[in-house]
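Taking our numbering, the leading residue of the sequence shown gets 25, the next gets one more, and so forth.
Just so you know, these hints were derived from the structure itself, not from any lab. Be aware that a few hints might be false.
[Stated by the list, open to error] Computed spacing ranges between beta-carbons, pair by pair:
no.: 1; residue 1: Asp27; residue 2: Arg79; range: 27 to 33 Å
no.: 2; residue 1: Asp71; residue 2: Glu102; range: 21 to 27 Å
no.: 3; residue 1: Gly86; residue 2: Gln31; range: 14 to 20 Å
no.: 4; residue 1: Asn109; residue 2: Ile82; range: 27 to 33 Å
no.: 5; residue 1: Ser44; residue 2: His67; range: 18 to 24 Å
no.: 6; residue 1: Ser96; residue 2: Gln64; range: 20 to 26 Å
no.: 7; residue 1: Gln53; residue 2: Ser96; range: 16 to 22 Å
no.: 8; residue 1: Ile50; residue 2: His75; range: 19 to 25 Å
no.: 9; residue 1: Ser44; residue 2: Arg79; range: 27 to 33 Å
no.: 10; residue 1: Ser44; residue 2: Phe70; range: 14 to 20 Å
no.: 11; residue 1: Asp92; residue 2: Asn26; range: 27 to 33 Å
C-beta atoms are modelled at their ideal positions from N, C-alpha and C, and glycine is treated no differently.
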Amino acid sequence: MNDSREQLIVRLRSEAGKCSAIELVILCQNDMGGVISPSQFIHLFFDAFPHIPLRAIIRATGWKYFRDEGFSDDVFSELLDPWINKQIPFK
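Given these sequences and hints, build the entire structure.
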């Protein structure tokens, strides 16, 4: 894993509980210099939040940000916010 990716994962973890899942995607966009792909999202969120079931992260790629006719911000938030807001100690 390269340093900038590792730093982004650390930053995502530090913002968990303070930011929504949508805000964390925006943080990724800003740090990575633009749009992130569904596969980048899956890898980043799975590495940053290993307690979130992979199935939930993959399902979240159905969000309108990632695909035309995708589901709403509310559905995306319902899928991930409860997991992101859990108090999990990260190593």
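Consistency of the hints with the structure:
no. : hint                          : verdict
1   : Asp27 with Arg79: 27 to 33 Å  : holds (30 Å)
2   : Asp71 with Glu102: 21 to 27 Å : holds (22 Å)
3   : Gly86 with Gln31: 14 to 20 Å  : violated (28 Å)
4   : Asn109 with Ile82: 27 to 33 Å : violated (20 Å)
5   : Ser44 with His67: 18 to 24 Å  : holds (20 Å)
6   : Ser96 with Gln64: 20 to 26 Å  : holds (21 Å)
7   : Gln53 with Ser96: 16 to 22 Å  : holds (19 Å)
8   : Ile50 with His75: 19 to 25 Å  : holds (22 Å)
9   : Ser44 with Arg79: 27 to 33 Å  : violated (20 Å)
10  : Ser44 with Phe70: 14 to 20 Å  : holds (18 Å)
11  : Asp92 with Asn26: 27 to 33 Å  : holds (31 Å)
Consistency with the previously given hints fails for numbers 3, 4, 9, ordered from lowest to highest.
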